[in-house]
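Chains A and B are the protein sequences, given in the same order.
Everything in the first sequence is counted per the numbering used here, starting at 1 for the first residue and increasing by one.
Everything in the second sequence is counted per the numbering used here, starting at 1 for the first residue and increasing by one.
FYI, nobody ran anything at the bench for these hints, they're computed from the structure.
Backbone N, C-alpha and C fix where the C-beta goes; we use that ideal spot for every residue, glycine too.
It is possible that part of the hints are untrue.
[To be verified] These stretches of chain A come out as covered by chain B in the derived footprint (C-beta under 8 Å, 3 or more residues):
{"no.": "1", "segment": "73-84"}
{"no.": "2", "segment": "179-187"}
[Said to hold, decoys possible] Restricting the straight-line Cα-Cα distance to at most 25 Å, the calculated cross-link-like pairs of lysine to any residue (SDA-like) are:
{"no.": "3", "chain 1": "B", "residue 1": "Lys212", "chain 2": "A", "residue 2": "Thr188"}
{"no.": "4", "chain 1": "B", "residue 1": "Lys182", "chain 2": "A", "residue 2": "Thr188"}
{"no.": "5", "chain 1": "B", "residue 1": "Lys154", "chain 2": "B", "residue 2": "Lys99"}
{"no.": "6", "chain 1": "B", "residue 1": "Lys154", "chain 2": "A", "residue 2": "Gly77"}
{"no.": "7", "chain 1": "B", "residue 1": "Lys182", "chain 2": "A", "residue 2": "Val90"}
{"no.": "8", "chain 1": "A", "residue 1": "Lys12", "chain 2": "B", "residue 2": "Glu96"}
{"no.": "9", "chain 1": "A", "residue 1": "Lys191", "chain 2": "B", "residue 2": "Lys212"}
{"no.": "10", "chain 1": "A", "residue 1": "Lys92", "chain 2": "B", "residue 2": "Ile80"}
{"no.": "11", "chain 1": "B", "residue 1": "Lys118", "chain 2": "A", "residue 2": "Lys191"}
{"no.": "12", "chain 1": "B", "residue 1": "Lys99", "chain 2": "B", "residue 2": "Ile80"}
[Unchecked claim] Across the chosen pairs, the derived CB separations fall in these ranges:
{"no.": "13", "chain 1": "A", "residue 1": "Gln78", "chain 2": "B", "residue 2": "Arg59", "range": "25 to 33 Å"}
{"no.": "14", "chain 1": "A", "residue 1": "Gln78", "chain 2": "B", "residue 2": "Asp121", "range": "39 to 47 Å"}
{"no.": "15", "chain 1": "B", "residue 1": "Asp71", "chain 2": "A", "residue 2": "Val89", "range": "45 to 53 Å"}
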Amino acid sequence: MDFELMINSFPKLLNATLITLKLLSASLIFGLFIGLLFAILRINKNPIINKFAYGYSYVFRGTPLLVQIFIIYFGLGQIEYLRSTILWVVLKEPYWCAIIAFSLNTGAYTSEILRSAFQTIKPGIIEAGQSLGISSKIIFYKIQIPIAIRQSLPAYGNEIILMMKGTSLASTVTLMDLTGVAKYIISTTFKPIEVFIVAGGIYLFMTFIIHNVIKFLEKKYTY
Amino acid sequence: MNIIKKFSLGVLITLFLSFSANADKIKIGTEGTYPPWNSKDASGKLIGFEVELAWTLCRYIGQQCEIVEQDWDGMIPALIMRKFDAIMAGMSITAERQKAISFSQGYADEVASLAVMKGSDLESMDTPAGINLTKPNTAAKKALKTLTAALAGKTVCVQTATIHQNFLDSGDVGKVNVRTYKTQDEVNLDLASGRCDAALAAAVAFSDYAEKSGKPVVLVGPTFSGGAFGNGVGVGIRKDDTELLNAFNKAIDKARKNGDISRIATKWFGFDASM
Chain A
1 MDFELMINSF PKLLNATLIT LKLLSASLIF GLFIGLLFAI LRINKNPIIN
51 KFAYGYSYVF RGTPLLVQIF IIYFGLGQIE YLRSTILWVV LKEPYWCAII
101 AFSLNTGAYT SEILRSAFQT IKPGIIEAGQ SLGISSKIIF YKIQIPIAIR
151 QSLPAYGNEI ILMMKGTSLA STVTLMDLTG VAKYIISTTF KPIEVFIVAG
201 GIYLFMTFII HNVIKFLEKK YTY
Chain B
1 MNIIKKFSLG VLITLFLSFS ANADKIKIGT EGTYPPWNSK DASGKLIGFE
51 VELAWTLCRY IGQQCEIVEQ DWDGMIPALI MRKFDAIMAG MSITAERQKA
101 ISFSQGYADE VASLAVMKGS DLESMDTPAG INLTKPNTAA KKALKTLTAA
151 LAGKTVCVQT ATIHQNFLDS GDVGKVNVRT YKTQDEVNLD LASGRCDAAL
201 AAAVAFSDYA EKSGKPVVLV GPTFSGGAFG NGVGVGIRKD DTELLNAFNK
251 AIDKARKNGD ISRIATKWFG FDASM
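The shape of chain B in the complex, shown without the other chains:
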């Protein structure tokens, strides 16, 4: 009995210490499998554009931070359940997500693109270089029609709970066979194995994979932005946490003015993806 008492006291003290040590730290959740936004190096350390940007923003806020990992499909629920205080995980600002959480101003933007393996018949699609879906012009509408015809009956793979899945589910490109995966890595694997006729994700996610794996992955069709693809990537924060939201907005302003965001973006993306 005595041993049990001592043991539980020890557990309580440890718990108390670990809580109090973390009390004033801002916890930032990221995925760690979406290069170049966020990923891990060979030793398992979190790296990437958002990891470096997070440390910079925390310096401007003047508070200690801790970056924690979270699976993508549980990212927003984990924020709401207070497992961490902010999301920096390549998460685009969309109307759907804004029903559940708030977003800071955008800090970077990305375009989405379809990718196929070299030799696919989708390579011959005739579309403009890029289309914006917020207010689609005639060229964009025509491109969507071309895509609808080309993708009919094809299997298109996406990561689950992403803007890319939302776009395919929206019916803008007709009825495609959508297959969803837990991580972008798995999408890439099945694109290479031939189980997917095409995949949809951030264009940089594919170019990063093609470069690292040496697989003949090619981008096809237009790049997508606006509409279901949201308005840039921002920091996700709980709705009642306005103080932290303001702090992040101010920090992003400062980081942008000092050129930090574009410097870090150029380092990781190879071009200036900041906004």
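Next comes chain A alone, as it looks inside the complex:
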């Protein structure tokens, strides 16, 4: 065990963790919007809208994240027409390609989590609102959404942790995130065990934080 290498690589890896956190937070924010939108589309009664939303979540939950990020980064880069459009400004950058792939992926999972949360709301709660003469719009925003968010917290916490680990795939499209920098250090020292132990420790610490924040929120919003 080369402890000196572990100590020396720690600040470099910590620095790279910033990129990991940026990727994670951007993807989660976009993903939450996508997820909420598609969850609402999923519970829509119109069969075309609801099949479309189902198709999206089916495709993105049914294929590996690595394949998705490769299709968006290397695949779209091969289409000559696309390179002459304004879209290329975004798709040229590995950073945005990674965020697009991560957002679409976590969005699909989030939409399923929220959909099942909406569907577990007891009809009696909505009926109680209706009997008080509250409009269905207000029932949706003030009753259904808050309950759905509380219901989905445990599952969503899991999704955040999965996504956090998923960001390590950003290193496959040249980004220098935590895993990318770990691989870089290994490429000059040839000592994978030491460096990956430190990187793994940082991932574990992030999981610890996320896990506890979610636990705190669950307790706070318990009813």
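Given the coordinates of chain A, assemble chain B onto it according to the supplied hints.
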């Protein structure tokens, strides 16, 4: 319970048999994605200069061999962890790598070169045909200056953990935006898509790609050798494995004398890259 016992016994026997069958074979690790050094044909079989040379060297050593695949970025760690006994993967002999493993004498040499897509403004660089960085002369120093100016702020793509990455990281051509990829294939893809302003690798890797893909990839600037680019390509072997190192050195001597190395090199490279 009985079933579990029988099953684990079966697993143990299989493991034992597979170990004992491989005990006296030399395992050689290669990458399989770096043509013409080593690559795979359509059926997934390993082919290339080093694959053919490996079989020849094993014949001279007089021992059975097995060629195994390993991702480039884990090549040296895998050797150290005894996943195989020797590396033949277009790996240049450099001082940095020699801190971790030993190398046999070199069996072939390659020059590195920058490549761009046709129409790039880097095509107009005025540099000598080739520079050696071991003891750079005035012409070489001038060429490095020209490159520094031309590459400023540009994105240059390389495969990770290569001599090409080391060279760009060394600062000899100033501060360029280095992007690293797991395989040379991915470097080629992003060079063609326009994400890279230029790429740096073995000159043959680009000419091979241009020929097979039909993409307008052109070599620019000088060819590089020496210095960070190492002293030829050799067989990588664990430091404590001197017996195997001697065996490979002797086999390379014999293969060179009989003209095997230059024959195989000419077949795969189109010119004699042996040394």
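To see whether the hints hold, each was checked on the structure:
Counting residues of the segment 73-84 of chain A whose beta-carbon sits less than 8 Å from any beta-carbon of chain B gives 4, enough to reach three: the coverage restraint holds. Taking a C-beta to C-beta cut-off of 8 Å, the segment 179-187 of chain A contributes 4 residues in contact with chain B, enough for the three needed, and the coverage statement holds. At most 25 Å may separate the alpha-carbon atoms for a hinted pair to count; Lys212 (chain B) and Thr188 (chain A) exceed this at roughly 32 Å. Restraint check for Lys182 (chain B) and Thr188 (chain A): the C-alpha separation of about 15 Å stays at or below 25 Å, so the hint holds.
With a CA separation close to 32 Å, the supplied pair Lys154 (chain B) and Lys99 (chain B) exceeds the 25 Å bound. Between the alpha carbons of Lys154 (chain B) and Gly77 (chain A) the distance comes to roughly 19 Å, so the proposed pair stays at or under 25 Å and holds. A C-alpha spacing of about 23 Å is found between Lys182 (chain B) and Val90 (chain A), which places the hinted pair at or below 25 Å, so the restraint holds. Straight-line distance between C-alpha atoms of Lys12 (chain A) and Glu96 (chain B) comes to about 20 Å, which keeps the hinted pair within the 25 Å bound.
A C-alpha spacing of about 36 Å is found between Lys191 (chain A) and Lys212 (chain B), which places the hinted pair above 25 Å, so the restraint is violated. Between Lys92 (chain A) and Ile80 (chain B) the CA atoms are separated by roughly 38 Å; this puts the pair beyond 25 Å, and the hint is violated. Between the alpha carbons of Lys118 (chain B) and Lys191 (chain A) the distance comes to roughly 40 Å, so the proposed pair goes past 25 Å and is violated. A threshold of 25 Å between alpha carbons decides the hint, and for Lys99 (chain B) with Ile80 (chain B) the separation of about 12 Å falls inside it, so the pair holds.
The given range of 25 to 33 Å is broken by Gln78 (chain A) and Arg59 (chain B), whose C-beta atoms sit roughly 42 Å from each other. Gln78 (chain A) and Asp121 (chain B) have their C-beta atoms about 24 Å apart, which leaves the hinted 39 to 47 Å range violated. Restraint check, Asp71 (chain B) to Val89 (chain A): a C-beta distance of roughly 32 Å breaks the suggested window 45 to 53 Å.
Comparing the model with each earlier hint shows violations of hints 3, 5, 9, 10, 11, 13, 14 and 15; every other hint is respected.
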